[in-house]
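Asks: Spelled out, the chains give:
There are 2 protein chains.
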Amino acid sequence: MRLDATTCWARIGPFGHGTLGTLHPDRGLDVVPVVYVIDRDQIIIPIDAVKPKSGRRLQRLSNLAADARCVLLVDHYADDWSELWWVRAHGHAIESHPSPDALAALGRAFPMYRAADSVTSLIVMTIDSITGWSALPDPA
Amino acid sequence: MRLDATTCWARIGPFGHGTLGTLHPDRGLDVVPVVYVIDRDQIIIPIDAVKPKSGRRLQRLSNLAADARCVLLVDHYADDWSELWWVRAHGHAIESHPSPDALAALGRAFPMYRAADSVTSLIVMTIDSITGWSALPDPA
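Note that the protein sequences, when read in sequence, are chains A and B.
Residue numbers are given in the numbering used here: position 26 of the first sequence equals residue 26, and the series is strictly consecutive.
Residue numbers are given in the numbering used here: position 116 of the second sequence equals residue 116, and the series is strictly consecutive.
These are calculated hints, taken from the structure and not from any lab test.
For every residue, glycine included, the Cβ atom is placed at its ideal position computed from N, Cα and C.
Some clues are possibly wrong.
Simulated restraints on C-beta separations [said to hold, decoys possible]: (1) 6/A x 26/B: 22 to 28 Å; (2) 16/A x 57/B: 31 to 37 Å; (3) 99/A x 97/B: 48 to 54 Å.
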């Protein structure tokens, strides 16, 4: 069954991880695993110094600088398909310096981000549309 | 640490689910959760009659008919980040009628696909490049 926007936001808030899709000028598109927190109506995705990355400027940031459109998929998979659900948010994003509020929220959600300098930058995603689907009705 | 191609294929084979990214003519890109099986060096993604979908032709199929480029991300998330790993395959895909071999492989991997007419079509993805990353070295 389709999930309404309120239910979509409620489900992705505590989930905390998903797949970010951006547009690549040559190969069309890129997808990367990300973690995130919700700040009001925006999705905050950290660029961190915790999980290893290539030394070059991250492709996801180059992609967003050239075309800000992006999509986040939050997918709850289970071998029992009656437990499946997903939420997908289309929007656009910019890179931003980490604010104290954002760092605090990230630290609450992910203990690895409580270390100083663990988050070097943010992707701040503004949502244009959010849709979702669940095999089971929402318990609320 | 980076995973070589052999390790990438070995890890995604039994995993069976991931995120498929395709190019959308207007909004840039789409991502959908998918299940899959590996057949030699191709990734076989079923279009099924099991999980509900909108009645129209699936957007992922329209997207691929217009631009065959696509990407599959297989993401193993864990709250303990020492267990993180992911594999990403870039390639191109076409829609295909389900062959008996493909239906048998899907039925072995997913009991829900043993029912007649549960798989209506296939996305057959040919891989141009496959890369991966794991927080821990491969145990092999």
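Asks: Now tell me, hint by hint, if it's right for this structure.
Replies: A quick look at each hint next to the structure:
no.: 1; hint: 6/A x 26/B: 22 to 28 Å; result: 26 Å, holds
no.: 2; hint: 16/A x 57/B: 31 to 37 Å; result: 34 Å, holds
no.: 3; hint: 99/A x 97/B: 48 to 54 Å; result: 53 Å, holds
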